[in-house]
Structures are given as C-alpha cells and as structure tokens.
Amino acid sequence: MTKSLLLVGVGGQGIILASKILVSGLMKIGYDVKMSEIHGMAQRGGSVTTQIRFGEKVYSPCIVENSADLVIAFEKIEAVRWLDKLKKGGTLLVNDYEIYSLPVLIGKEEYPKGVIEKLKEVVEHCKVFDAFSVAEEVGNVLTQNIVILGALIKALGIDTIDWVEVLKENIPEKLHDINIKALKKGMEL
Amino acid sequence: MKKIMSGNEAIARGAYEAGCTVAAAYPGTPSTEILENVANYKEINSEWSPNEKVALEVGCGAAIGGARTLVAMKHVGLNVAADPFFTIAYEGVNGGLVVISADEPGMHSSQNEQDNRLYAPHAKVCMIEPSDSMECLDYIKESFKISEEFDVPVMFRVTTRICHSKGLVTLSDREEVGVKKYEKNVQKYAMMPAHARARHVVLEENLDRLRAYSNKCSLNRMEMNDTKIGIITSGVSYQHAKEVFGEEASYLKLGLTFPMPDKLIKEFADKVDEIYVIEENEPYIENFVKAMGIKCTGKEVLSVCGELNPHILRKAFKKEDEGAGYDVDVSLPKRPPMLCAGCPHRGIFYAMSKYKDLVVSGDIGCYTLGLIPPLNVTDTVICMGAGFSAAIGLKKAFQMGNVDKKVFGVVGDSTFFHSGITGLIDAVYNKTPITLVILDNSITAMTGHQENPGTGKTLMGEITEVIDIEAVVKACGIKEENVVVVDPYDLEKTREGVEKAYNATEPFVLITKRPCALIKEVRKERAHLNCEVVQEKCKKCRMCLKIGCPAITLKDGDILIDKAMCNGCELCKQVCKFDSIVKVGE
Chain A
1 MTKSLLLVGV GGQGIILASK ILVSGLMKIG YDVKMSEIHG MAQRGGSVTT QIRFGEKVYS
61 PCIVENSADL VIAFEKIEAV RWLDKLKKGG TLLVNDYEIY SLPVLIGKEE YPKGVIEKLK
121 EVVEHCKVFD AFSVAEEVGN VLTQNIVILG ALIKALGIDT IDWVEVLKEN IPEKLHDINI
181 KALKKGMEL
Chain B
1 MKKIMSGNEA IARGAYEAGC TVAAAYPGTP STEILENVAN YKEINSEWSP NEKVALEVGC
61 GAAIGGARTL VAMKHVGLNV AADPFFTIAY EGVNGGLVVI SADEPGMHSS QNEQDNRLYA
121 PHAKVCMIEP SDSMECLDYI KESFKISEEF DVPVMFRVTT RICHSKGLVT LSDREEVGVK
181 KYEKNVQKYA MMPAHARARH VVLEENLDRL RAYSNKCSLN RMEMNDTKIG IITSGVSYQH
241 AKEVFGEEAS YLKLGLTFPM PDKLIKEFAD KVDEIYVIEE NEPYIENFVK AMGIKCTGKE
301 VLSVCGELNP HILRKAFKKE DEGAGYDVDV SLPKRPPMLC AGCPHRGIFY AMSKYKDLVV
361 SGDIGCYTLG LIPPLNVTDT VICMGAGFSA AIGLKKAFQM GNVDKKVFGV VGDSTFFHSG
421 ITGLIDAVYN KTPITLVILD NSITAMTGHQ ENPGTGKTLM GEITEVIDIE AVVKACGIKE
481 ENVVVVDPYD LEKTREGVEK AYNATEPFVL ITKRPCALIK EVRKERAHLN CEVVQEKCKK
541 CRMCLKIGCP AITLKDGDIL IDKAMCNGCE LCKQVCKFDS IVKVGE
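From first to last, the protein sequence lines are chains A and B. full-length UniProt numbering numbers the first residue of the first sequence as 1 and each following residue consecutively. full-length UniProt numbering numbers the first residue of the second sequence as 1 and each following residue consecutively.
Some clues are possibly wrong.
[As the list claims (entries may be wrong)] Selected chain A positions facing chain B (Cβ under 10 Å, derived; list incomplete):
#	residue
1	12
2	58
3	102
4	112
[As the list claims (entries may be wrong)] Just the calculated beta-carbon pair ranges, DEER-fashion:
#	chain 1	residue 1	chain 2	residue 2	range
5	B	292	A	88	43 to 53 Å
6	A	122	B	292	28 to 38 Å
7	A	1	B	171	26 to 36 Å
8	B	121	A	132	51 to 61 Å
9	B	212	A	56	35 to 45 Å
10	A	176	B	171	19 to 29 Å
Keep in mind that the hints were calculated from the coordinates and are not lab data. Note that CB positions come from ideal geometry on N, CA and C, so glycine has one too.
Construct the entire structure; sequences and hints are all you get.
Structure below.
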C-alpha cells in the first residue's frame, strides 16, 4: 500500500533537509520512494512543499486532492492552505508557529486568529505542538525542522530503523549532537 | 549500488557513466542542478557559460572535436540557443551531443510553459524523454550512443516533476570512451549554403534510419494488460497514467519521441479497443496519432494549460471525483515571494519608487520581485536580457508619441553577461536616452548562487579573472560622466544616483554594487549585525514598513525587527525620520 506524506511550510524552515533525511530512512528499509519538491520563486518567504510517496512500487510523484495520509505543517496557516490534500481520516500535524508574509508584515492583510482551534474542530486526527520552544530548549532554534521530523517519525510509527544513524549521515558532524537531541525531543512530542 | 536521486542528479550521473567529457550550461530552474552535479565529477570539464547560446556553441565545438558532450538549459533557454540548435542538426556530431531541455508545465518559476517537444521536429533532432530518475540515468547513456550511431544531436526533454522528483537509481561504473579523433571536414562542419544543401539530404536520411530504429528500440515499449483501453504516453505523464489505470489499461510508453515510431503506434492501435493519449501541454503525440488516421482521445478532455496529475486524469477519463475534503473557515493571507531581509536590491527599488512617472523595464532574476507591493516599481518583464532592450523600445514608443517619460531598464550582473550587454550596445549605438541599471550582487542569486563571469570563480571552483562591469560599460561607449556606481545600502548615495539618472539626457548607466545577503561569506560577516527599534522614540508612522522588509513586523501596534532575520543593512534606519531605529552588534 502506497503512503503519501505532504510536508508544508515557508522557505527557509528546513523542510527540504527534513524530507531528505526521512526519505533516506524509508529507502533503507526497502521501500520504493519518490519525493517531489516545489520551491517557489524566492529563496525565502514563499510557500514550500515536499511530497513523499513510499510503498512497494510508487508511480506518480504527485499527491493530489484528498489523498495524503499525513500532512505536516511547519507553519500553522500553511496547514490550512494545504488541508485539501489531506485524506478524510488522515493525520494532520501542526507546528504552532507563525511566519508573517509580506502582505501581513506591511499591514495589508491580517494573520488569522484561532487557526489551531478551527483545525482541531474539523480534523479528527489533529496534533499540535510547539517545535520552536523545544528547539530553543535544545539550544538552537535552527533545529526546529529536526524537532518536527522527530514528531513526524513518531506519527508514522516506523521504528524498525536507527533514525539517529540516518540523521548523522545527512548533516555535518559538528552539528550531530544538537540535532540528535532535537530529534529525540521531537519523537517525544 | 542503489541511491535516491533527483532526475537532475541522475542525468549528471548518467553523463558521468557514459564517459562524457565536456558539459556546459547557463543556470535556470528546473535545470540548474544538472551542471552543479556534473561539476562534482572531475572527469568532466564543465562550465557555466554566459548564456545558453554560448553553452550550446561550446557543446557543438566539443562534440565536433570528438568529446561526448552534455549541454543543459531550461525551456526558455533553448529559445536563446535555437540558432546553433538548428544548424548543428545539419552538421551532426563526432562525439555524442546531448542537449537537455528542462521544460516547466505549470510554470512554478518560469515566464511561460512552452512545450519544447515541438522543437524536435522543427530542428530535426532526435528527442528522448525519460519518466523517472532511473530512466534519466539509463536514457542519457542511450542518448550518447544514439547520437553517435545516427550522427544527430539528441534533445533530452525533461520536466520539473522529473528534474526535481527523487527516486531510486542503481549506479554503475564509468565507461571510459575517451575523445574521438577529429578530422577536418568542411563539407560536414562548415555550413555555407552549398555544404548545407547536401547536409540537409544526409540529415533526412539519418532521420529515416532513426525512425526505423524508433520502431524497434527498447525506449519505446508496449505494456500489454487489459486491451479495452490503450494509453499512449511519455515522460512523467506515464507515471500519472500508471497510478490511475494500473493494469486496467495497456500502455505504449514512448521514450524516443522524435522521430515518432509510426509502425509501433499502428501495431499498438490494432491491439486495443480505444486509445487515450496522455500528455502535458501541447497535443504533440496526439496530433501525430491523429495524422496517421487513428482515432484517440486526448486534449478533448485534458487541458493544454498546466501540469497533469492523477487527480486530473481520474476526473477526465473516469469521471471520478474525490469529492470534498477538509475545509476550514479561515481566510488566508497570501504568501508571495519577496526580496529577502537585507537584500541589496531593496535600496535601489525604494529610491526608484519615489519617481511615480518612471517606466521600468524589468528582467528575470530576484529583482523581478521589484514589481510587487510595496515597491511596485517594475512595469514589464519579458525574458532574459529584455530588461535593457525592451526599455529601448518603450522609450522609442514614447518618443514617437511625444510622451515625455523617463525609462529605466533593470538587469542583474548575471543577466548583464547573459544578454544585457547587447541591449547596452544598442542603447549607445542608437543614442536612446534611457538609464540602464545593473544590480550587481556578485552572484547568480535566483537559481541558488551560481558563479558567473563577474564573481571570480568558475563552476569547477577555480579562481579566475573578474569581468569588470563598469569597464565593460565604458568600453561600450557610455561616457565617463554617465556612469554612476553606488552601494545600495547607502540610501542617500543611491537616491543621488537615481536622481542623476532620472535627469540624464543621454544613455546612462547606474550600477549598484553589493553582494547578495545570502552568500555564505556575507551571512557570516554580517551575522552579528542587526537593527533595533527604540520603542520610546518610535512614532508608529510606518515609514519603515514601506521598504517591504520581511524582518520588520507590525505587531499589536508596535514595530518590531526580527533579530534573526535582520542583517543590519540599515535601510529602515535611513528611512526613519525620528531616529528610532538603531544598529547594534558592530
């Protein structure tokens, strides 16, 4: 059975690195994997998504309407933006974190209030966490993406693999300790 | 060994394994990572060329010289390289020549979604289309062999979903093929009319041989399942079709798509009851099938606009709709791309935004974003290099209509080397009184920081000469007094420069010089610099919000600066009339 995961957020949040680590883990346990990324026009600030599909044999790299088993949002209104991809009964993971886009920053549009409450109302399997605070606690806010990766791995329930090893293979050595800490904290969320 | 690779990485690996020795490109999404990965293989001499035409001409020379050669570009890049592309088909190759065209259905980061498959019959080159990363690797190796055996260049056509999707690939060792012997042959390699006439005939013969091959080669294959529906498809569309129809349908999966395999299509059509042609954008395969007198369904139910996906196919062919999904009642603010915090382009655009009657011809790069609020500076964007040349046209139209409007043309450093330079020469030669603004941020930023002739480094990491833009501008005939170089972080000087440019009556060049804020060394250097709002002094006039910096926020009535994002460029400090912004961390 093919599973589809959609990772969404904002450019600069480290979504692509988190996806890469996840994919190399899935590959190790013998899955066929396809990962597709669309980075917008700018290095930073635009909406970024990666789509991961894994299973015995994967054809299309695209996740379409109502077909993602799991959507994980690195920023909370991005969860709303991509919610139509989530399968009915699927799982939504949301990082309770706000990044203002330009129209919001200059006061042209408003950042909506009560997003988390509304998401929880509508989606049966919705889990919310605050990866920024956890990353801060760990000692580097830049590990937020790895905290989120930890939460994602836990939600997937794929524990037949040494994720710490996979993590180490994908990041520079001097950052190993802090990221391992972040991953473990994330897996406890 | 198995690895997970994007299509672009797999193409680079395929070139390596095929014994490719020369590669050239100009960066452009979604093709950029091909050469970035090729450059990791030291056996391949690879370069960033100033533009795609130069890249292909380097490629033509290398192939004639006997090297297996790869040239990569995005779809619009092939327009730039179209001139040599058509003629190299007449000359043929010596070492194999593979030209990658990375098309972009859906236009995630392009100005149009042209379907470059139509180039193949027009230019009379062989076309090969892979449908995933593994095929990218395998088919590149095939492409070099076909190019040499049939003496034709091969266009290797991929799309964003192939380039930027990762899949599993099996790696092999490199096959050293060396560089073939070069022998002078002007009848073949020098296209004066008499030679070209003869070569056209040879080319048609080669294509005939290739057509016969297309009918029997393994790149074009039938997958027979249930025969009620037969699907003819190529590229990533094959994957979407398999996802939706699985074994309910039979497939004619095309990998070599010019010349088209006529006999194979006929044979397949005879085996199935009904034919669907599934392809993105133009009805390239469909028109061929219909011209053979075979009935099929394609663009009646599929749009020529945008990408395909399984959802679209289900709706179009099976009349299935997934129905409504989750819906939340939240009105979402848009998230458009924007100039980064500390981007040096902000200062010049801000200074230009003060002249409301200014007409600005923009170009392709980060600075295309000068068109969005709150800067709202740019009027037109056409293609690489048009920043200057379209400005000339705009000015001419205004002159003819007796409209007194100042026109600025804007290009980046990489774009200046790409094709801005010829517009500059035109402006000087034809005495068009416009201002050419060159935003020199010392890198090709939009595509992710590639080196260019102005950066002092090659793709292979060698230190090289820096082409001095100011000297080039002067050498092209812009007078000494009509060139101003400013640091766009210095708003006062930038304003003065813009004012001088605005009032100029002759061709004028304004160069802004400041490296991109995201260059690694720049980030390191400025890591501890940032600006801060002194809340007691802040009058909440919101002037600082007008520069559109993502680090400045209005929260609960207060102006705040995000310390982590800010790099201390001080533009906000310079627009604040109440001295309420201070720089910290010197």
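Does residue 112 (chain A) meet its interface restraint, that is, does its C-beta lie within less than 10 Å of any C-beta in chain B?
With Cβ-Cβ at 5 Å, under 10 Å, it holds.
Does residue 102 (chain A) meet its interface restraint, that is, does its C-beta lie within less than 10 Å of any C-beta in chain B?
4 Å, holds
Is the distance from the Cβ of residue 121 (chain B) to the Cβ of residue 132 (chain A) consistent with 51 to 61 Å?
55 Å, holds
Do the numbers back the hint for residue 12 (chain A), that is, is its least Cβ distance to chain B under 10 Å?
9 Å, holds
Verdict for residue 212 (chain B), residue 56 (chain A) (Cβ pair) under range 35 to 45 Å:
38 Å, holds
Check the following: the C-beta atoms of residue 122 (chain A) and residue 292 (chain B) are separated by a distance inside 28 to 38 Å.
With Cβ atoms ~52 Å apart, the hint is violated.
Does the CB of residue 58 (chain A) sit less than 10 Å away from some CB of chain B?
8 Å, holds
Taking 43 to 53 Å as the hint, is the beta-carbon distance of residue 292 (chain B) and residue 88 (chain A) inside that range?
44 Å, holds
Quick check: does the Cβ-Cβ distance between residue 1 (chain A) and residue 171 (chain B) fall within 26 to 36 Å?
29 Å, holds
CB of residue 176 (chain A) to CB of residue 171 (chain B), is that within 19 to 29 Å?
27 Å, holds
The structure is inconsistent with hint 6 alone, although it conforms to all the rest.
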